[in-house]
Amino acid sequence: MTAHLPDFTKQLIIDGTKIGWYKDRVEAWARGEKIAPITIDYAMTRECQAACTCCYAMLQENERKVQTKEIVFNFLEDAAEIGVKGISFISDGESTVHKNYLEAVEYAHSLGLGTGASSNGVVLNKRVLEKLLPCLTYLRFHFGAGTREGYAKTMGLNPVFYDRVIQNIKDAMEIKRRDDLPVNINVQMVTMPQDVDEIVPLAKLCRDELRPNYLVYKHCADNDEGGLGVDYTQYAGVLDKFREAETYSDDTFLVSVKWGRLENDGKRDYQRCYGPPFLLQVSGSGLVAPCGMLFNERFKKFHIGNICDSRFKDIVASDRYWEVVRYLASEEFDAQKACGPNCLQTNSNSWLDKFMKGTVDFNTTSEPPHMEFL
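At position 315 of the sequence shown the residue is numbered 315 (the working numbering), and the sequence of numbers has no breaks.
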């Protein structure tokens, strides 16, 4: 483990937003100027091998189109050209199953984009990791439980993959240490209240065997109709297990819990949705919409365009794009009534709401790591 790792890991903002350091871009947006997103969560496909009980993607069905290598590369070129800082290969599909996945990550890195990835880790292997890790700012393994039986239940996968992914995490850490790579490798459990018995076993597994940079536990987002059946009030009965898991942190391994979202019962402290121009999501179908919660066909009035049909830079410059995002930021829209709880942009929305009301100002402290990912 590199000597700088503990301090670096402690500097990471895992439960929050970095938007308060983007003074120029926020001020331009507040003046009504058109801006490029800072971060884009992007999937290359809607396909996935898993059937996770916590998966929001099952609520995001929209017209499926196939992203060819040309479409993917055009999107990445446009993102770099207009001033996007970071691309996270994470959205409503498992991008690693796309035949051009590794090429895409390498190309994004070559364009100067900050590049991150989240994966269930099933199709990764040491050969791919050798090429992938030098191009990434972070690699997150979505790992749904601490036991083999729990993994099969929460991930909807054959338990044989439990062992395969464990080996992939170990290999990733070995490569990182061997080559002293700056990539942050972490494990994430999207925790539903009924998964309480898997919380501590996963912390023990990560501390004793896997040794990623950190393990994070987060809430499970649901849609406006409660499609996943998440009862946010039940998280209150799980908090002691999260606190116990945090005790597994040591000098070179961090356990982090996203307390801000777990303790708020999914409630928002704002009405306007200001976040999408800063933190945008693109579906594996190529659909560009303000956020993943609006990918579903029933929200078609919010759909802006598709990178399979149009260049991304033209979509962002279009009147349609700005009509939609400005509507979400207007008094005609109330996120507390129209949106599901704990969306991707909620921390940025909360900060921007306070900024527009004059109750917060820009951060003057040193920038935290990974500024390209809000």
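These aren't lab readings, by the way, just hints derived from the structure by calculation. Warning: the hint list may mix true and false statements.
Said to hold, decoys possible - Under the rule of at most 16 Å between Cα atoms (straight-line distance), these lysine to aspartate or glutamate pairs were calculated in the EDC-like manner:
no.	residue 1	residue 2
1	Lys-301	Glu-77
2	Lys-241	Asp-197
3	Lys-301	Asp-319
4	Lys-131	Glu-70
5	Lys-301	Glu-323
6	Lys-126	Asp-78
7	Lys-170	Glu-209
8	Lys-241	Glu-225
9	Lys-218	Glu-63
10	Lys-34	Asp-314
11	Lys-218	Asp-179
12	Lys-204	Asp-251
13	Lys-34	Glu-106
14	Lys-69	Asp-15
15	Lys-301	Glu-332
16	Lys-267	Glu-225
17	Lys-131	Asp-163
18	Lys-69	Asp-309
19	Lys-34	Glu-47
20	Lys-204	Glu-244
21	Lys-354	Asp-251
22	Lys-357	Asp-251
23	Lys-313	Asp-15
24	Lys-131	Glu-63
25	Lys-313	Glu-103
26	Lys-300	Asp-314
27	Lys-300	Glu-81
28	Lys-218	Glu-246
29	Lys-99	Glu-81
Stated by the list, open to error - Each pair of labels, with its calculated beta carbon distance range:
no.	residue 1	residue 2	range
30	Thr-364	Ala-51	16 to 26 Å
31	Lys-23	Asp-197	39 to 49 Å
32	Glu-225	Arg-178	17 to 27 Å
33	Val-66	Asp-208	39 to 49 Å
34	Pro-201	Met-356	17 to 27 Å
35	Arg-177	Pro-201	22 to 32 Å
36	Asp-179	Arg-298	42 to 52 Å
37	Asp-208	Ala-317	19 to 29 Å
38	Thr-233	Arg-311	19 to 29 Å
39	Thr-233	Pro-201	17 to 27 Å
40	Leu-111	Met-356	45 to 55 Å
The structure presented is a predicted model; accordingly, all values stated were derived computationally and were not measured. Even glycine gets a Cβ: it sits at the ideal position worked out from N, Cα and C.
Here is how each hint holds up against the structure:
no., hint, in the structure
1, Lys-301 with Glu-77, "27 Å, violated"
2, Lys-241 with Asp-197, "8 Å, holds"
3, Lys-301 with Asp-319, "14 Å, holds"
4, Lys-131 with Glu-70, "21 Å, violated"
5, Lys-301 with Glu-323, "11 Å, holds"
6, Lys-126 with Asp-78, "31 Å, violated"
7, Lys-170 with Glu-209, "8 Å, holds"
8, Lys-241 with Glu-225, "28 Å, violated"
9, Lys-218 with Glu-63, "29 Å, violated"
10, Lys-34 with Asp-314, "13 Å, holds"
11, Lys-218 with Asp-179, "30 Å, violated"
12, Lys-204 with Asp-251, "15 Å, holds"
13, Lys-34 with Glu-106, "29 Å, violated"
14, Lys-69 with Asp-15, "34 Å, violated"
15, Lys-301 with Glu-332, "14 Å, holds"
16, Lys-267 with Glu-225, "15 Å, holds"
17, Lys-131 with Asp-163, "22 Å, violated"
18, Lys-69 with Asp-309, "14 Å, holds"
19, Lys-34 with Glu-47, "33 Å, violated"
20, Lys-204 with Glu-244, "11 Å, holds"
21, Lys-354 with Asp-251, "36 Å, violated"
22, Lys-357 with Asp-251, "40 Å, violated"
23, Lys-313 with Asp-15, "30 Å, violated"
24, Lys-131 with Glu-63, "33 Å, violated"
25, Lys-313 with Glu-103, "21 Å, violated"
26, Lys-300 with Asp-314, "19 Å, violated"
27, Lys-300 with Glu-81, "28 Å, violated"
28, Lys-218 with Glu-246, "13 Å, holds"
29, Lys-99 with Glu-81, "25 Å, violated"
30, Thr-364 with Ala-51: 16 to 26 Å, "46 Å, violated"
31, Lys-23 with Asp-197: 39 to 49 Å, "45 Å, holds"
32, Glu-225 with Arg-178: 17 to 27 Å, "48 Å, violated"
33, Val-66 with Asp-208: 39 to 49 Å, "42 Å, holds"
34, Pro-201 with Met-356: 17 to 27 Å, "44 Å, violated"
35, Arg-177 with Pro-201: 22 to 32 Å, "25 Å, holds"
36, Asp-179 with Arg-298: 42 to 52 Å, "47 Å, holds"
37, Asp-208 with Ala-317: 19 to 29 Å, "51 Å, violated"
38, Thr-233 with Arg-311: 19 to 29 Å, "45 Å, violated"
39, Thr-233 with Pro-201: 17 to 27 Å, "25 Å, holds"
40, Leu-111 with Met-356: 45 to 55 Å, "33 Å, violated"
When the structure is compared with the earlier hints, violations turn up for hints 1, 4, 6, 8, 9, 11, 13, 14, 17, 19, 21, 22, 23, 24, 25, 26, 27, 29, 30, 32, 34, 37, 38, 40 and for no others.
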